[in-house]
Amino acid sequence: DQQVKQNSPSLSVQEGRISILNCDYTNSMFDYFLWYKKYPAEGPTFLISISSIKDKNEDGRFTVFLNKSAKHLSLHIVPSQPGDSAVYFCAATNYGGSQGNLIFGKGTKLSVKP
Amino acid sequence: EPEVTQTPSHQVTQMGQEVILRCVPISNHLYFYWYRQILGQKVEFLVSFYNNEISEKSEIFDDQFSVERPDGSNFTLKIRSTKLEDSAMYFCASSESPSGRLHFGPGTRLTVL
Chain A
6 DQQVKQNSPS LSVQEGRISI LNCDYTNSMF DYFLWYKKYP AEGPTFLISI SSIKDKNEDG
66 RFTVFLNKSA KHLSLHIVPS QPGDSAVYFC AATNYGGSQG NLIFGKGTKL SVKP
Chain B
10 EPEVTQTPSH QVTQMGQEVI LRCVPISNHL YFYWYRQILG QKVEFLVSFY NNEISEKSEI
70 FDDQFSVERP DGSNFTLKIR STKLEDSAMY FCASSESPSG RLHFGPGTRL TVL
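Chains as they are written, first to last, in the numbering used here: chain A, 6 to 119; chain B, 10 to 122.
Hints listed in this document are in silico derivations from the structure and should not be mistaken for laboratory results.
Backbone N, C-alpha and C fix where the C-beta goes; we use that ideal spot for every residue, glycine too.
Check each hint, because a few of them may be wrong.
As the list claims (entries may be wrong) - Chain B stretches covered by chain A per the calculated footprint, using a threshold of three residues with CB under 8 Å from any CB of chain A:
1. 23-30
2. 42-52
Unchecked claim - Computed far set for chain A versus chain B, every beta-carbon distance over 10 Å:
3. Ser15
4. Glu47
5. Pro49
6. Thr50
7. Ser57
8. Ile58
9. Lys61
10. Phe67
11. Ser74
12. His77
13. Pro84
14. Asp89
15. Gly112
Said to hold, decoys possible - What follows is a list of derived Cβ distance ranges for each label pair:
16. Lys118(A) to Asn61(B): 40 to 50 Å
17. Arg110(B) to Ser79(A): 32 to 42 Å
18. Thr120(B) to Ser17(A): 37 to 47 Å
19. Lys87(B) to Ile58(A): 22 to 32 Å
20. Asp72(B) to Gln8(A): 21 to 31 Å
Pulled out of the complex, with its shape left as it was, chain A reads as follows:
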């Protein structure tokens, strides 16, 4: 039962262009969504989050968009840099009902080419 889906296992983007990573979810109880970045041999690192009461959250080059009616969120990275090359995980939780129990997607491997 995949409650959080990242349908693109990989994405390749040219340096300086926009990277768009997508994520879909099925559980309407999710009210808080997060993106984590993971480099090889390291644990996931928190990147950005969004509450279900918002439809956009921006932090520097990173913007997360949430479309609740479509149960879809996306992460935009502008401009993309080679150092952004990593696996990006979308995660969701029922903030009001859990103690940090995150449901992760399978991840999308982003490659940013110089």
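Given chain A, work out where chain B should sit, using these hints.
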């Protein structure tokens, strides 16, 4: 910036043996977690721990698993009798509050032969 640390980085064990994976969470954090990632699969929640007891656990976290905070700094995951399918990366995480903004350690790769 403070980090979550985990030891060992790689543990190899024989099927049926007990293993203990160790974690030192960030010192002022109160919520502790274990996640695992089987090779090529998604990161999966195992258990959360707060105030010296389990807050929540997944169906993966069966009777073979246990967690403990034996002192003020360590947080351990014990697998009593390992199985081949327990082979995975095990990530410890901690947070100040149950906000979902978890700080993950670098992981312990467990290989069960």
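Could you work out which of the previously given hints the structure breaks and list their numbers from low to high? 1, 4, 5, 6, 15, 17, 18, 19
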